[in-house]
Every structure is written in structure tokens, then in C-alpha cells.
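Visitor: Generate the whole structure from the sequences, applying the supplied hints.
So the chains spell out like this:
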Amino acid sequence: MARSGRYMWREMRRRTLQGKIAWTGLLFVAPWIVGAALFFVYPLARSIILSVSEIENLRTFELNFVGLKWYHEAFFADIEFVPSLLSVSIDNLINLPLINIFALIVALLLNRKIKARGLFRSIFFLPVLLGTGFIMQQLLGQNVNAEAVGFARGLLIPDQLAAYIGQSGVNMIQSFLDRLTIVMWNSGVQILIYLSALQTISPALYEAARVDSASEWESFWLITLPMLAPMIQLNLVYTVIATFSMADNTVLEFIQWLAFETAEANAYEYSCAIGLIYCVFVLLVIGIIVLLTKRFVENAKEGG
Amino acid sequence: MTKTKVDPARARVQVKRVSTGIFRILCYLLLIDLAFVFLYPFLYMVVTSIKTYGDINNLSVNWIPTSFHWENYVIAGETMKIQYSILNSVIVTGLATLGHLLSCTFIGYGFARFDFPFKRMLFFGVILSATIPIQTMIVPFYITYTNLGMIDTYLPLIIPTYLGFGLRGGIFIFLFRQYFLGFPKSLEEAALIDGCGRIRSFFRIALPSAGPSVIVCLVLSMVWHWNDYYEPSVYMSVTEKSAMVPQMLPNLYNWISNMPVDVTGSSRDLELIYHEGVVMAATAIAIAPLLIAYAFLQKKFMQSVERSGLVG
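Chains A and B, in that order, give the protein sequences.
The opening position of the first sequence corresponds to residue 1 in our numbering, with each subsequent residue numbered one higher.
The opening position of the second sequence corresponds to residue 1001 in our numbering, with each subsequent residue numbered one higher.
It is possible that some hints are incorrect.
Covered stretches of chain B, as calculated for chain A (at least 3 residues, CB under 8 Å) [stated by the list, open to error]:
| id | segment |
| --- | --- |
| 1 | 1027–1034 |
| 2 | 1038–1047 |
| 3 | 1110–1116 |
| 4 | 1155–1164 |
A few chain B residues that face chain A, going by a derived Cβ cut-off under 8 Å, partial list only [claimed, not checked]:
| id | residue |
| --- | --- |
| 5 | Trp1070 |
| 6 | Gly1125 |
| 7 | Val1126 |
| 8 | Thr1131 |
| 9 | Thr1144 |
| 10 | Ile1285 |
| 11 | Ile1287 |
| 12 | Ala1288 |
| 13 | Pro1289 |
| 14 | Leu1291 |
| 15 | Glu1306 |
Here are the simulated DSS-like cross-link-like pairs (lysine-lysine), alpha carbons at most 27 Å apart as the crow flies [to be verified]:
| id | chain 1 | residue 1 | chain 2 | residue 2 |
| --- | --- | --- | --- | --- |
| 16 | B | Lys1299 | A | Lys113 |
| 17 | A | Lys20 | B | Lys1185 |
| 18 | A | Lys113 | B | Lys1300 |
| 19 | B | Lys1185 | A | Lys301 |
| 20 | B | Lys1300 | A | Lys115 |
| 21 | B | Lys1299 | A | Lys115 |
| 22 | A | Lys113 | B | Lys1016 |
| 23 | B | Lys1081 | B | Lys1241 |
| 24 | A | Lys115 | B | Lys1016 |
| 25 | B | Lys1185 | B | Lys1300 |
Think of the hints as simulated: they come from the structure by calculation, not from any bench.
Where is the CB? At the ideal position from N, CA and C, for every residue including glycine.
Guide: Encoded structure:
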């Protein structure tokens, strides 16, 4: 159905039926176009211009073109930016599969015929209400996450085992468990997406598999996972967006500090440059994930 | 005990039954365990919020406080000026959520139903706008709103939502587009033949059918707006009457953590009043409205999710 832009314009000028439909479509999307101009294109253009210039006079906003000076500074002169970008991305990329595997497991559990299903589902969404803002940070600051898995830790690492693997081993497992709690608290939306996707899989498929004497394990790998493929891709992308825009992220904190909390010269321009680098970086990460999962999604479509 | 020979088929069935039973018990254990981890922050918050200073520093008092210390809530409420901040937050969150509901259904429908030039490019723009963290372009945003004369008002938090932007507006447009793509065209076509206009058929036919997606959008938009403290803190200076809840909370935290410590012991009195119990009481107050709203909506919300109201 999608036609070339020029063809559509001609139809629209001639007021054919297709042209009229196109006009109505544009009418529906018009608010977004206005919004995009005001709150997306304009700030983005402003940001790009600022990132390649130097503010001469803050009051009149006179700008001097300085080229890629700030970008150069970010990568080669700033001793903090690149390491903090790396540490943020490593942290988030470790959490990415963990969040998704955990969310999928919980969604699978909740999708079974269990008692008090409604209650459990509501509980698993609760941490989303806490958000990722100040409240969450405050609780993390109180080490609530460490306490929450505290008793689980006692079960997982008995003393004998602790003696065997040594202190560093225990510490590793402990930091992993701490990470796991944060992962759990951040996976509310992902659980919902998987849960709603699981509902759309036809029970007939499972029945057919059972008749052919497939075990539950087999039907998970051969039915559930392929059917979920597009949603897994979507969830991975959503997780990247959510984790990379979390408020306690050191890069974002750095941008905030540059923009509003420091009196250093050229902090505005530098913060724009770093912001743009970060944007491009996040988009690259998303692009790579989409490319990597493309094969998986397409295979699943063909198989199903 | 007359029958010594065991029917092998029946034995197999029994073994299977026992193993599924064990599996089911394990599932429940896992669920209860996880539920505890998820509930823990709330339990901790509620319990700590009614503890006295003595209880908090007493290691033997873990879950059940020696007495209920409701004063924490009074102090937290006064420090946060809840009579203003909760009202402000409710108004802003309400208006912004309404904006998302109105604009994103409309725009999402446009993308799902009609063919128009540059549609793919525009929709890519929607996705792009949802992926970029606002923090990365905060300076140009600040400049934009200054130019529009919106600084120190609630408008920067509200206006963009009516145009499909604001907090993750792109995600909601995506959500509604997916929904309307799956919604059969025939109903609207019938209405069209009967002389109903496109816009009217959107409001009369498509929109009323989008209930599940509307509920999902309502809950998520509400939660995200209520919890957002980044944008309000940038666009508005904190004054007693105009501050919102998420702005007052950090204020309280900072104030308590930077409490003057002096050797004469007068800060000891302050410490007796302002302690972690107050912090947790403040936190509880801050999320109480959300919890109440969620309590009303959760049944519908979960049903909507089940009926694939999410990116079906």
C-alpha cells in the first residue's frame, strides 16, 4: 500500500480518493508534526549548533564556530567521560539479558494456572510504581536491596561452601545477588509485555504438540520462544531505553552537572556535545540489538 | 495387598502426577519468594515509617516496632508542605496523562489507518523521539522553554503531552498504532458508507474500542509523570507553594542528611525528631496517591494486559 512520496503528493493535489485519505491521515498526525518541530527538531538543531560553537556572549547568545573542539575534548582530553560511559554501558548491558530472562521466567510462571494469580501479578508490578526516581534511590541507599536478598543469600551460600570458595567468591556472588534485586525491581514493564504476549499464543499449538508427545520443555523451545521472538526484540529495545535514561546514571548526572551546577566556562556547549554523543551511542546500541535479533525474529516468523 | 503386580501404565501415570505436583510446589515457592523480594521495599518503608528513633537504632527491633510512632507522618507532611505539593502533583499528573491519552490515541490512529507521504519517515521519528533520553538535550530544551516563556510554570510538563511528546510519548503512540492496526477496518467502513466522517468514526467507533490500551496508557503515563523529578527540577524553581511532591522529597532528604552536627548536643534533639523514620514516612506519603489510584485501576489494568492491550 505504501506509495512513493511524490505519487502521494500528486494524488493529494488532484483530490482523488487516495489523496483525500492522505489528507485525513496528515490531519491526524498533524499534532505530532507540530510537536516534533517544537520539542524535537528545534532542540536537536539547537543542540547540534551549540555543540560545535562557543558562546561569545551569554546574554545576546552570540556564537562562534569552533568545529569539533568539544567532541575532541570529550574523547581525548576529558579523563572522566569515556570511563564513565563505558562503566554505564557495561553495567546496563549486563543487566539487559538478566532483566529479560528474569521477566520471561516470571511471566511464564504467572501464565500457568496458579492460585491467587491476580494477586501475584499485581505484586510484580508494584516496583514500577516506585519508579526509578528518588524513592528508589533512597531505598537503594538504605541497602534495602541487600537486605531483601539477605535471607536468600543464607540459603544459597552455606558456611561450608563459603569456606570452600573463599571470601572473593562470596563477594562475587553477593554482588551478583545485589544486582539481581535491582534487576527484579526494574523488570515490571517487561513482565507485562511478556505476559500479554504469552496470552496471544493459541492454546491449540500446545495441544497439538502434546498430542505429538512433546514435553513441556520442548514446547517451550519450539513454540513459546519463537512465538515470542518479536516481543523479545521489543523488550530488549525497551530495556535499553529505560536503563540508559535512568536518573542515577553517571553520564546523565555529568550532563546535568555541566548544564546547571557548574560555573565553568563553556559548560553549556560541552554538555550539548556530550549529550549528543550519548544519544548516538544509545541509538547505536539499539541498532546493534535490532540487527542481532533480526535473524532470530525472521526465522521465527518463517517457522511459525 | 492381594494385588502384587503393579500395572506399569498406572505406575507411570502416578509418577507423572507426583512429579507435576512437586513441580507445582516449586513454582509456588519461587513465586512467593520473588513476591517477598518485590514487596520488601514497601514493607520496609511502612514498618520504618512508624518507628521511633530508639527503635531504628535498636538492632533487636526488626519488623515489629515497640510502639506506633505516627508523629513521623505529621513531621514529614509538614516538612513537605503536602497541602500544596500533593495538589500540584495531582493537577500536573492529571493534565499530562489526559494529554497523552488524547494525543497519542489520535496520532496512533493516524499512523495505523491512513496512507500519506513520508509516513515511514515520520513514524521513524516517533520511535527516535522515544529513544532519546531527555537529559541529553536538556540545555536546548531549557532554552526552548525560556523562549516560549514557559519557565517557572507547569506548562513545559503539560503542553508537550498534548502534542504526542512529553515523558515517553512515542511509546504510547507506538502502543496505540499497534492496537489500531489489529482493529478490523470493516466497522469504520460501514460507518463511512452511512455518511459518518473519518474523524467522527474515530471518536465514535475506534476510540471506544481501545479501552484496554487506554487503561495501559493511563496507568503507565500516570506513574511516570508522578515519579518524574528530573524535568520539574529543571524547569521550575522550588517555592513553598508551587513545588511538586517529587521535588519536596529530595529537599527533605538533603536537609536530613546535611543536618547540623554540633558538639553541644543540641542537634541530638533534632536527630530525635528527624530520622530515617521520617524519611520513610515522607516516602510513603509521596507514593500513597499512586498506590490508591493503582488499587482502583489494577484489576482493569491487568485484564487489559491479559487481553493483549499491550503491543498486540
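Visitor: Which hints, by number, does the structure contradict?
Guide: Violated hints: 5, 10, 12, 13; rest satisfied.
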